[in-house]
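First to last, the protein sequences are chains A and B. The numbers in the first sequence follow the working numbering, run straight up by one, and end at 620. The numbers in the second sequence follow the working numbering, run straight up by one, and end at 620.
No lab work stands behind these hints: they were computed from the structure. Among the hints, erroneous ones may be present.
The list treats identical chains as one, so a pair stands whether inside a single copy or across any two.
[What the hints assert, rightly or not] Okay, derived cross-link-like pairs now, DSBU-like style, lysine-lysine, Cα gap no bigger than 35 Å in a straight line:
#: 1; residue 1: K269; residue 2: K330
#: 2; residue 1: K330; residue 2: K299
#: 3; residue 1: K269; residue 2: K495
#: 4; residue 1: K260; residue 2: K297
#: 5; residue 1: K302; residue 2: K275
#: 6; residue 1: K150; residue 2: K549
Number of protein chains: 2
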Amino acid sequence: MSSVSVLEKIAKRLRIHSLKMTTAAGSGHPTTCLSSAEIMACLFFHEMRFNPKDPFAWENDEFVLSKGHAAPILWAAYAEAGIIPQESLLDLRKITSNLEGHPTPRLPWVKAATGSLGQGLSVGVGLALAQKLAGVKARTFVLLGDGECAEGAVWEAANAAREFKLGNLVAVVDVNRLGQSEPTMHQHDLKAYVKKFKAFGWDVFSVDGHKIDQLLQALSGARKGNNPKVILARTIKGKGVSFVEDKNGWHGKPLKPEELEKALSELGPMPAIDASRYVKSREKAKTPKWNEGFDFELPNYKDKTATRLAYGLALEKLGRVNDRVVAIDGDVKNSTYADRFFSSFPQRSFESYIAEQNMVGMAMGLAAKGFLPFVATFAAFLTRAHDQIRMAAYSFSNIKLCGSHVGVSIGEDGPSQMGLEDLAMFLPIPDCVVLYPADAVSAEKCVKEAARYKGMVYIRTTRPATPILYSPEEEFPLGGSKILRRSDKDAVTVVAAGITVHEALQAYELLRKEGINIRIIDVYSIKPIDAETIVKSVAETGGRVVVAEDHFEQGGLGTAVALVLPEKRFWKHLCIRELPRSGKPEELLAKYGIDAASIVQAVKSLL
Amino acid sequence: MSSVSVLEKIAKRLRIHSLKMTTAAGSGHPTTCLSSAEIMACLFFHEMRFNPKDPFAWENDEFVLSKGHAAPILWAAYAEAGIIPQESLLDLRKITSNLEGHPTPRLPWVKAATGSLGQGLSVGVGLALAQKLAGVKARTFVLLGDGECAEGAVWEAANAAREFKLGNLVAVVDVNRLGQSEPTMHQHDLKAYVKKFKAFGWDVFSVDGHKIDQLLQALSGARKGNNPKVILARTIKGKGVSFVEDKNGWHGKPLKPEELEKALSELGPMPAIDASRYVKSREKAKTPKWNEGFDFELPNYKDKTATRLAYGLALEKLGRVNDRVVAIDGDVKNSTYADRFFSSFPQRSFESYIAEQNMVGMAMGLAAKGFLPFVATFAAFLTRAHDQIRMAAYSFSNIKLCGSHVGVSIGEDGPSQMGLEDLAMFLPIPDCVVLYPADAVSAEKCVKEAARYKGMVYIRTTRPATPILYSPEEEFPLGGSKILRRSDKDAVTVVAAGITVHEALQAYELLRKEGINIRIIDVYSIKPIDAETIVKSVAETGGRVVVAEDHFEQGGLGTAVALVLPEKRFWKHLCIRELPRSGKPEELLAKYGIDAASIVQAVKSLL
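Input sequences plus hints: build the corresponding full structure.
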């Protein structure tokens with residue numbers, strides 16, 4: 014065990030580093046680092062077990078800095094632990110350094126990007142779940158700020174941690190009283206936090222966060238039992254530097270060089286201690302052996318089948334050949350058909366209840382430990398987790414998201430349940446693959462492709478059952494498309510995806526009766542998009558193109574196609590242009606102008 | 014007071030309506046209506062005060078059905094209250110009817126669209142705040158489901174209600190034990206909810222939700238004091254129909270005609286009672302008299318000024334001439350500069366702390382009562398409220414959102430703080446105006462235009478100070494743009510907005526030295542977009558166009574321009590194409606290819 018005096022010395026070193034780094038950078042959040050110096054010292058140099066040479070060791074305890082703006086003290090702790098060179102600290106926030114303003118996994122010890130507050134606890138839940146799934150004794154620690162406890166996502170995670178009996182999850186809240194623009198809601202009323210966490214079923218410890226002995230006692234108490242634990246640490250923002258201590262207006266401000274000098278003289282000389290000697294590791298854990306296949310058989314689909322059902326069927330089969338696959342639901346698994354996986358693999362299935370932010374946050378944690386999370390809910394409700402999805406991108410997170418019930422084709426449930434902006438949410442994300450299968454075969458194949466791809470994938474599925482278009486042998490590589498109808502005399506190219514592919518096929522029949530041939534492209538891969546095929550087809554049809562999609566005008570298939578087309582003089586974009594309402598699917602497709610009749614009309618208008 | 018037996022009869026009528034409506038529609042959620050029949054009867058025909066002839070009367074109590082899938086019983090209550098014809102109930106979910114699958118304000122009694130769960134309580138907070146601001150005695154009632162209490166947004170709202178001492182807010186939770194796909198986390202453990210709401214500072218009542226006398230007693234107890242109140246009502250999903258009562262697998266399923274017959278025989282005949290006689294109204298309240306101006310003076314800006322500061326300055330001035338304007342912050346008001354308004358108008362300023370979902374939900378409630386909410390946070394953090402923003406659109410909500418700190422130009426804080434997908438979030442929303450001012454003058458004018466427009470507006474502001482481009486007299490109508498540089502021999506059109514306008518102007522100088530003239534368009538209004546000017550300019554520059562934006566590739570300015578251009582053979586799109594990192598603003602603009610040098614290069618590549 015590290016002695017109190019050793020930890021006090023390390024805490025002082027962390028303080029001095031944090032101040033110097035931020036002044037050198039000319040920006041950053043030193044005062045929020047100062048409040049957590051003792052906490053960080055106790056965690057990294059007393060309580061946590063990790064092998065500083067291997068960020069991916071299964072026996073490592075994991076750490077999430079949910080209050081990401083305290084990044085400097087995290088980098089300082091890594092430097093003190095011997096993970097990164099101490100001299101690199103002065104590169105904080107430089108474009109050439111991985112020591113960014115807020116943590117990102119560019120440094121592999123960081124398991125998820127933080128900096129959008131209130132997300133770290135869900136990631137911690139995912140990490141702790143992963144440790145349990147792998148059967149290792151390791152634990153997960155999450156450091157939160159008090160301000161971020163106003164985020165609902167924290168309480169979603171609190172529910173989940175209790176529900177999953179995560180005794181290996183320890184949260185510490187650095188209750189430093191001050192937010193960015195004013196004091197926090199509860200200021201130093203620790204009891205307010207105690208009540209909340211207790212009500213959410215957590216074991217709670219309250220301490221003075223600058224008293225090493227109190228922190229150690231709480232950490233020791235937090236080692237037992239199946240409940241998640243939280244240590245509420247009363248701290249002083251800016252602790253140790255008299256002229257910033259507990260003062261409003263110092264959030265996110267580095268000390269000026271002359272202020273730094275004054276602060277350093279108050280703090281005294283850097284204690285001469287090699288903190289890395291106090292890093293403790295755990296006995297090496299075996300790397301779990303898992304099946305990691307990606308191949309499964311498809312049935313010979315004959316009857317109309319919803320792509321959402323095919324997603325569920327494929328996911329279940331994927332689960333049989335790949336032990337890394339886990340599924341997460343937000344109480345709609347009987348609609349997304351993730352329930353097929355839940356039934357077969359209850360140990361690898363996690364019910365987040367109606368808490369989509371936590372759903373994605375947990376997935377990030379699970380993915381960081383090498384699991385392959387498939388998260389599914391209605392596409393519309395993925396918007397609830399947009400910020401988490403954004404942060405998952407910055408975490409280079411290997412998560413797969415499925416949004417079902419897209420577009421007006423869902424029908425009577427009405428607009429609140431229609432995913433009409435989901436493509437616009439996923440397409441901007443660099444390196445995110447976006448798939449939109451039109452039939453059950455392509456839906457199953459998209460699941461396989463999603464699993465194989467290392468990175469975020471979004472799969473868009475449709476509520477109604479749709480006819481089968483492809484044979485089970487057909488492959489659907491990322492970045493591809495399928496030309497479903499073609500002839501030498503095609504007058505117009507119709508670019509479609511999902512439900513509109515079937516409308517286009519009906520339009521084809523109607524138009525053919527009038528002697529008009531159209532080319533139909535099924536753009537099952539919206540990103541990467543098969544620009545070559547689309548551009549070539551449109552050129553071959555005299556530049557005439559109709560894009561039909563069950564999505565709002567901007568940010569979807571239409572804009573993706575517009576980006577790659579060199580010319581769109583003869584262009585019709587059929588999409589949802591107003592706020593839709595309840596009605597029968599076919600009525601809505603007609604009313605908002607994306608049905609077969611609308612495609613026929615658009616084609617004719619271009620001739 | 015309505016007697017218990019009267020309310021029991023009304024409850025039975027509501028049950029029968031709900032069953033008949035959903036069977037007639039062939040879809041919908043009857044069982045969740047049945048659990049809330051007594052609650053709805055007690056609220057609408059005993060406790061609430063409203064004038065059934067005037068949905069906008071200030072003296073009305075407001076009601077939010079947060080569990081929006083129980084829409085049929087809401088429509089039934091309106092019918093029983095004499096607000097809509099009873100025969101219209103059988104039009105549920107028809108495309109011709111305003112009785113949608115989930116409530117929307119197409120019926121003016123509905124103050125916010127619901128159906129994405131966990132949002133109604135924040136709307137209720139906003140409505141209750143509005144009632145207090147207007148100085149009326151009216152109250153707000155919110156009916157929640159138990160399942161949606163897993164949503165973090167509920168707890169954000171719970172915090173806010175306590176913080177704002179909303180004694181006029183009464184929540185009822187219909188604890189019917191069953192979610193969509195399985196039992197809820199707490200099932201019938203009412204104490205779990207009691208603990209949580211108490212911990213969040215609410216007055217709590219627990220009742221059997223099918224016992225009228227218990228409900229009335231709780232409602233009576235909930236009339237006093239400054240704390241928000243919650244009534245936790247233990248109920249049975251499907252109550253009253255033996256074969257669906259408390260059974261899993263009946264969520265969102267109407268009875269088949271033969272099942273309906275059986276259910277109706279169990280329930281007995283429709284009680285013969287005119288419920289509308291039991292509607293109670295309150296003495297007419299005076300409509301508050303407010304200044305409602307939109308005009309304010311601009312200074313003669315000379316020095317570089319950040320558009321975010323101009324936003325704050327303009328908002329404060331708008332507040333002086335318009336009493337409907339309110340401001341909402343998520344603890345970043347000293348960065349968005351909403352703090353200027355907060356200082357001058359503390360009574361009309363609402364700190365949501367770090368809880369962006371609640372921020373937008375409260376704004377919806379305030380807007381529904383005629384206030385003009387301006388909500389500001391970092392653009393990146395508005396993604397946290399994407400689902401609320403989506404539902405605000407379906408609520409036709411007159412709210413204004415400002416996202417500051419957009420793009421890589423924020424610099425060292427790194428990607429978690431960069432708004433790089435905000436345009437992609439707002440541009441798809443039908444009728445949402447999207448403004449992106451490049452200087453302080455246009456930023457102030459955009460605030461004015463936003464206030465005048467009836468509907469959602471998004472204003473995108475920039476962190477660094479930028480040069481002044483316009484005189485204070487210049488106007489910035491919606492759908493306009495400004496040509497900043499033009500000549501008869503322009504070789505390329507550069508389309509820019511915000512920070513890239515300044516890079517384009519630098520590029521202009523650099524290129525002019527080489528004898529190359531470029532045309533520069535400042536697209537301050539991205540939606541509606543000035544297609545005419547852009548198309549004409551591009552045509553005049555030989556079809557050559559460079560779009561430069563501080564946003565990811567898809568869903569932003571580039572795709573908006575691509576949509577309107579008939580041809581883009583000579584097209585360069587400068588935007589952020591990878592996940593960016595920390596660094597100095599100018600370094601990042603260069604690294605990701607949207608600075609002046611990149612524009613120069615792009616222009617030359619087109620020549």
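Review point. Is the C-alpha distance from K302 to K275 at most 35 Å within one copy, between copies, in both cases, or in neither?
Key: neither (55 Å within a copy, 55 Å between copies)
Point to revise | Alpha-carbon proximity between K330 and K299, which holds within one copy, between copies, both or neither at 35 Å | key: So K330 and K299 pass the 35 Å test inside one copy only (27 Å; across, 65 Å).
**Study point:** Homo-oligomer pair classification [K549, K150; C-alpha up to 35 Å]
**Key:** neither (57 Å within a copy, 67 Å between copies)
Check your understanding: At most 35 Å between C-alpha atoms: does K269 with K330 qualify within a copy, between copies, both, or neither?
Key -> between (60 Å within a copy, 34 Å between copies)
Exercise for review: First find the shortest C-alpha distance between K260 and K297 inside one copy, then the shortest across copies, and answer within, between, both or neither for a cut-off of 35 Å.
Suggested key: Neither, since 45 Å and 48 Å both go past 35 Å.
Review point. Using 35 Å as the alpha-carbon threshold, which applies to K269 and K495: within, between, both, or neither?
Key: neither (61 Å within a copy, 41 Å between copies)
Of the numbered hints given earlier, the model fails hints 3, 4, 5 and 6; all others are met.
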